[in-house]
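Chemist: First to last, the protein sequences are chains A and B.
1 is the number of the first residue of the first sequence in our numbering; add one for each residue after it.
1 is the number of the first residue of the second sequence in our numbering; add one for each residue after it.
Hints may contain errors.
Partial list, derived from the structure: chain A residues whose beta carbon lies under 7 Å from chain B [claimed, not checked]:
id	residue
1	Leu58
2	Glu59
3	Pro61
4	Arg63
5	Asp64
6	Val65
7	Glu67
8	Gln68
9	Gln71
10	Met91
11	Gln93
Hints were generated in silico from the structure; no laboratory data involved.
This structure is a prediction, so every number in the text was calculated from the model and none was measured.
Think of the CB as a built atom: it goes at the ideal place given N, C-alpha and C, for glycine as much as any other residue.
Below, each chain spelled out in residue letters.
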Amino acid sequence: MSEQSISVAIIDPNAVRAAILIEGLNAAGISRVSVIEETANLLRRLVQLEPDVVIIDLESPSRDVLEQMFQVSRVVQRPVAMFVDQSDSAMIQAAVDAGVSAYVVDGLKKERVKSIVDMAISRFNAFARLQKELDHAKNELADRKVIDKAKGILMKSRGFSEEEAYALLRKTAMNQKARLVDIARSVITAAELLG
Amino acid sequence: MNTVTTDDGHQPQDSPPEAGDRPTVRAGFMPLIDAAVLIVARERGFAAAEGLDLVLARETSWANIRDRLLVGHFDVAHMLAPMPIAAKLGIGHVRMPMIAPYVLALGGNSIAVSQPVWEAMCLAHGDEPAGPGDTSRAVAAVARSRRAAGAEPLTFAMTYPFSGHNYELRYWLAAGGLDPDVDVRLVVIPPPYMVDAMVAGQIDGMCVGAPWPSLAVENGIGRTVTTKAEIWKASPDKVLAARAAWAETHPRLIDALIRACEAATRWCADPAHHLDLADLLARPAYVGVPAEIIHRALTGRLKVAASGQWVDFPDYLQFPTDGGTAPATRHALWFAAQMLRWGQVPNAAEAYAAAHAVTRPDIWARALGRELPVPRLAPVDGEFFDGTAFDARDL
Chain A
1 MSEQSISVAI IDPNAVRAAI LIEGLNAAGI SRVSVIEETA NLLRRLVQLE PDVVIIDLES
61 PSRDVLEQMF QVSRVVQRPV AMFVDQSDSA MIQAAVDAGV SAYVVDGLKK ERVKSIVDMA
121 ISRFNAFARL QKELDHAKNE LADRKVIDKA KGILMKSRGF SEEEAYALLR KTAMNQKARL
181 VDIARSVITA AELLG
Chain B
1 MNTVTTDDGH QPQDSPPEAG DRPTVRAGFM PLIDAAVLIV ARERGFAAAE GLDLVLARET
61 SWANIRDRLL VGHFDVAHML APMPIAAKLG IGHVRMPMIA PYVLALGGNS IAVSQPVWEA
121 MCLAHGDEPA GPGDTSRAVA AVARSRRAAG AEPLTFAMTY PFSGHNYELR YWLAAGGLDP
181 DVDVRLVVIP PPYMVDAMVA GQIDGMCVGA PWPSLAVENG IGRTVTTKAE IWKASPDKVL
241 AARAAWAETH PRLIDALIRA CEAATRWCAD PAHHLDLADL LARPAYVGVP AEIIHRALTG
301 RLKVAASGQW VDFPDYLQFP TDGGTAPATR HALWFAAQML RWGQVPNAAE AYAAAHAVTR
361 PDIWARALGR ELPVPRLAPV DGEFFDGTAF DARDL
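Construct the complete structure from the given sequences, taking the supplied hints into account.
Modeler: Laid out in structure tokens, this is it:
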């Protein structure tokens with residue numbers, strides 16, 4: 001089987017993650033990549049696509065559906081779990097840690113499979129990192145808004161400048177060994193309670 | 001993987017004491033009523049009383065449970081009883097030495113068919129068929145007339161290739177005279193999606209664990225026709241599975257966990273606790289379906305038709321307190337025999353050896369300070385609804 005002819009199906013409801021995986025596979029010279037988002041007609045889609053490799057998000061309940069298809073189906077070629085080769089325990093660990101699994105038709109060259117699965121692992125990990133950074137940025141933004149509101153309250157009620165309000169919040173946080181944002185929240189709560 | 005933590009917003013008043021320095025045991029489970037023993041072991045403090053911090057993680061597929069057990073994300077898991085045997089044999093997957101030292105529940109599955117199929121079954125039978133014998137013959141008649149008419153075959157859903165659901169469904173269909181690999185179509189659908197699949201007309205029947213068939217009945221689209229307990233009396237559906245290597249190196253933890261499970265089993269078996277248990281399991285972090293539906297499975301009083309017909313199934317789901325939580329070689333051998341019967345494994349000697357190897361009543365006995373149960377291998381009267389005797393002595 002030539003490299004160009006390898007076909008990959010991705011089962012992942014997360015369109016962004018699927019897109020970055022497609023991009024990676026394309027860059028690696030694999031152009032026949034399809035995404036299956038809707039899992040209701042999974043078997044029909046797989047019969048149409050005849051993938052050599054199926055990459056699936058571990059959160060997808062369709063994993064059990066796939067395993068049954070590969071046990072009994074006469075219509076799809078029989079891919080087996082990537083884990084069948086005992087020597088690949090490091091890859092198994094990395095894949096499950098990354099939240100991804102793969103099924104591969106028999107007879108595909110081992111190095112080729114490994115490069116595809118490695119790609120999936122690295123893209124899933126990269127996506128998780130991005131997600132984490134995004135969550136972090138969102139939290140920071142939310143914290144910033146809380147602190148700004150608390151500063152506003154102090155400026156209004158105590159006649160502080162913005163710098164003075166911030167300095168007071170920071171000093172209180174340090175004295176109480178609390179986070180700045182938590183002190184800011186209590187200022188807001190207090191202001192709401194006291195009117 | 002959703003780890004059930006104390007900040008899920010549903011922590012009960014009587015939450016277990018702080019974990020502190022207690023050793024952690026991580027367990028994966030699927031959202032089914034027979035995960036109750038693990039959930040109760042944590043939530044009612046039985047695990048804590050044994051010095052364990054039992055951390056539960058809800059999973060979305062049996063494949064995930066197996067893989068996370070394999071790579072060590074989990075130490076133990078709520079698992080379909082045939083799965084450790086399949087894992088030990090490495091069918092379709094890497095070989096993975098697993099053990100089953102504890103039975104989490106007996107029974108618990110039922111078969112439901114769609115309303116149109118039920119009506120066709122009644123026509124074929126001349127009346128409402130009752131019990132596994134009548135219903136298996138009636139469904140066979142419906143499947144055959146479908147084939148004769150050139151219509152699409154009946155499609156039945158179950159939950160996993162290596163499951164009691166698959167084997168009991170096949171046993172029931174075959175007893176009625178059907179070849180499950182030819183006369184009907186068998187598909188896997190994750191339990192929480194079964195009802196939707198029936199609503200969408202993708203499946204005509206399902207064999208799945210409680211509470212999901214009851215939901216199909218409640219929605220007015222399905223009819224319960226028989227149960228696992230009727231097909232195969234007092235048989236296990238889920239076991240506590242562990243990686244063999246982990247159990248080997250952590251004998252004190254596995255023993256403590258088994259003691260916690262035994263206390264939880266007794267708690268679950270007490271009818272006085274069924275309302276509380278239903279409320280606990282109903283939480284979104286656990287099974288996430290209405291407590292009333294869960295309560296039906298616990299009492300064995302099931303609504304079998306949307307029109308309001310109720311039937312008592314006394315053994316529908318059992319938390320056995322008479323030593324029945326010991327894993328039995330007999331049951332493992334029957335599962336191995338089904339794997340052979342349906343062509344999932346080619347080699348009988350290997351399959352039976354695997355069944356023997358994963359079944360570990362010795363660990364159960366050690367943990368609970370009980371006598372090692374004597375294996376019952378000779379045929380048991382009335383074990384199967386069709387009168388077939390399963391003789392495990394020569395396997």
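Chemist: Is the hint on aspartate 64(A) kept, meaning its closest Cβ partner in chain B is under 7 Å away?
Modeler: Holds, because the Cβ-Cβ distance from aspartate 64(A) to chain B comes to roughly 5 Å (cut-off 7 Å).
Chemist: Would the hint on glutamine 68(A) stand, with a C-beta cut-off of 7 Å toward chain B?
Modeler: Since the shortest Cβ distance to chain B is 4 Å, the answer is holds.
Chemist: Quick check on glutamate 67(A) please, does its C-beta sit within 7 Å of some C-beta on chain B?
Modeler: With a closest approach of 5 Å, the glutamate 67(A) hint holds.
Chemist: Does proline 61(A) meet its interface restraint, that is, does its C-beta lie within less than 7 Å of any C-beta in chain B?
Modeler: This interface hint holds because 4 Å falls under the 7 Å limit.
Chemist: Using 7 Å as the Cβ threshold, decide whether arginine 63(A) counts as touching chain B.
Modeler: 4 Å, holds
Chemist: Minimum Cβ distance from glutamate 59(A) to chain B below 7 Å?
Modeler: Holds: closest Cβ of chain B sits about 6 Å from glutamate 59(A), inside 7 Å.
Chemist: Given glutamine 93(A) as an interface hint, is its Cβ closer than 7 Å to any Cβ of chain B?
Modeler: For glutamine 93(A), the interface hint holds, since the closest Cβ of chain B sits about 5 Å away, which is under 7 Å.
Chemist: Identify whether the interface hint at leucine 58(A) stands, where standing means a beta carbon of chain B within less than 7 Å of its own.
Modeler: 6 Å, holds
Chemist: The hint names valine 65(A) as touching chain B; please verify it with the least Cβ-Cβ distance against 7 Å.
Modeler: With Cβ-Cβ at 5 Å, under 7 Å, it holds.
Chemist: With chain B as the partner, please determine if methionine 91(A) meets the hint condition of a C-beta pair closer than 7 Å.
Modeler: Because about 11 Å separates methionine 91(A) from the closest Cβ in chain B, which is outside the 7 Å limit, the hint is violated.
Chemist: Is the hint on glutamine 71(A) kept, meaning its closest Cβ partner in chain B is under 7 Å away?
Modeler: Hint holds; glutamine 71(A) Cβ to chain B Cβ min 4 Å, cut 7 Å.
Taken one by one, the earlier hints fail for this structure only at number 10.
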